[in-house]
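The listed protein sequences derive, respectively, from chains A and B.
Counting in the UniProt record's numbering, the first sequence tops out at residue 270, every number present.
Counting in the UniProt record's numbering, the second sequence tops out at residue 119, every number present.
What the hints contain is simulated information worked out from the structure, not anything from laboratory work.
Heads up, the beta-carbon is just placed ideally off N, CA and C, and yes, glycines get one too.
Mixed in with the good hints, there may be bad ones.
Unchecked claim - Here are a few chain A residues that face chain B, going by a calculated C-beta distance under 8 Å: (1) M1; (2) L3; (3) D19; (4) E132.
Here is how the chains run, residue by residue.
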Amino acid sequence: MKLNERSVAHYATCDSPADHAGFLRKRVERHHHHAHHHGTSYQRRWFVLKGNLLFYFEERESREPVGLVVLEGCTVELCEAAEEFAFAIRFDDAGARAYVLVADGQAAMEAWVKALSRASFDYMRLVVRELEKQLEEACKSLAACRKSPRKSSSSGRKRHLSNPALLPLQEKPTTLENGYSTWGSGGCVAAGATCSDYDGGQTKPPPLPPRRRSGTGSATGSPAPGLSPAMLESPVSPETICFSKLHNWYGQEIAVLRREWQERQKRGHP
Amino acid sequence: AVLKKRLVKLVVNFLFYFRTDEAEPIGALLLERCRITKEEENVFSISFIEEPERKYCFECATEEQCQEWVEALKRASYEFLRRSLIFYRNEIQKMTGKDPLEQYGISEEARFQLGAHRQ
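Okay, chain A solo, but in the shape it has when bound (with noise of 0.2 Å):
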């Protein structure tokens, strides 16, 4: 499966900052087929987790990944393994493999379970709707709280919303190009307009567009009582077929070196 991977390699080599990154032992997966082979290897790697992407590296200074895991469509848990501080990433998707990391530490280990529990593209997305959600609730408030002013404020806001000079009108964000452009810092306009106008138009993020629906509720529903992430598993989907051939496309390319590194050991070892 092609993929455009100087864009990705760039991505995970760029200066932008990692959410995650160290270095974790990563069993090495064989097939059945593999007769010779007893007991399971373990290879230590680089690991740089951006965004909802784990890559892994040869080195720390390799200028490229050997290795990509999309986490979509994944749960994270603590492994059963021989290891200590061993962890594993398991997809809902049957014919996927999973992947079996073993950290330096009891630290380390829950660092990292922690990072990649919460780095998927929709756990992202469900904060980012409930954000949105209570931000025009705020803006309604506000908004109503300025039509009556003798209502006592509720919601705990704070003294300085009665106050619009304190709220100074700023630049509205840019259009965004993926990567490109920056936030300008938007911002509530001061006395005299209403949160429905700053609301409009291009001045704040357009909402998300609609998406696979998500197996774990409706995303219009009832607030969340809370985000954590056990409650987010990652929603069952055909799309996860789509990752696996991901993960098998690098995964393929490292089985066809290891060959070839197997081959040229044979000859040099008789």
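We have chain A; now place chain B onto it with these hints.
Structure of chain B alone, referenced to chain A:
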């Protein structure tokens, strides 16, 4: 350049493309650090920061569809989503004085922080 008919699917921050009669994709584009450009009628293109001259062109059936794709793809990257989150978080904090991520216990997460060097 020859145009080939493809089924194109946007899934999170990946654009998968399929031969129209096949269930498995023949390729994918990761949509990070890319630019979506409206070209001539019914046509848009995707290009990437490090290779701006290389354009992946797509022709749609109608101009309306083309606009829908452009809008959807411009918002498709994880980094866009992250910036939206930071923006909303900031706005809510300014308006209510409270960090909306605190109630979820995720306010200290690295991935939700406003970093000047983020793109």
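Status of each hint after checking the structure:
{"no.": "1", "hint": "M1", "in the structure": "holds (6 Å)"}
{"no.": "2", "hint": "L3", "in the structure": "holds (5 Å)"}
{"no.": "3", "hint": "D19", "in the structure": "holds (4 Å)"}
{"no.": "4", "hint": "E132", "in the structure": "holds (6 Å)"}
Checked against the numbered hints above, the structure violates none of them.
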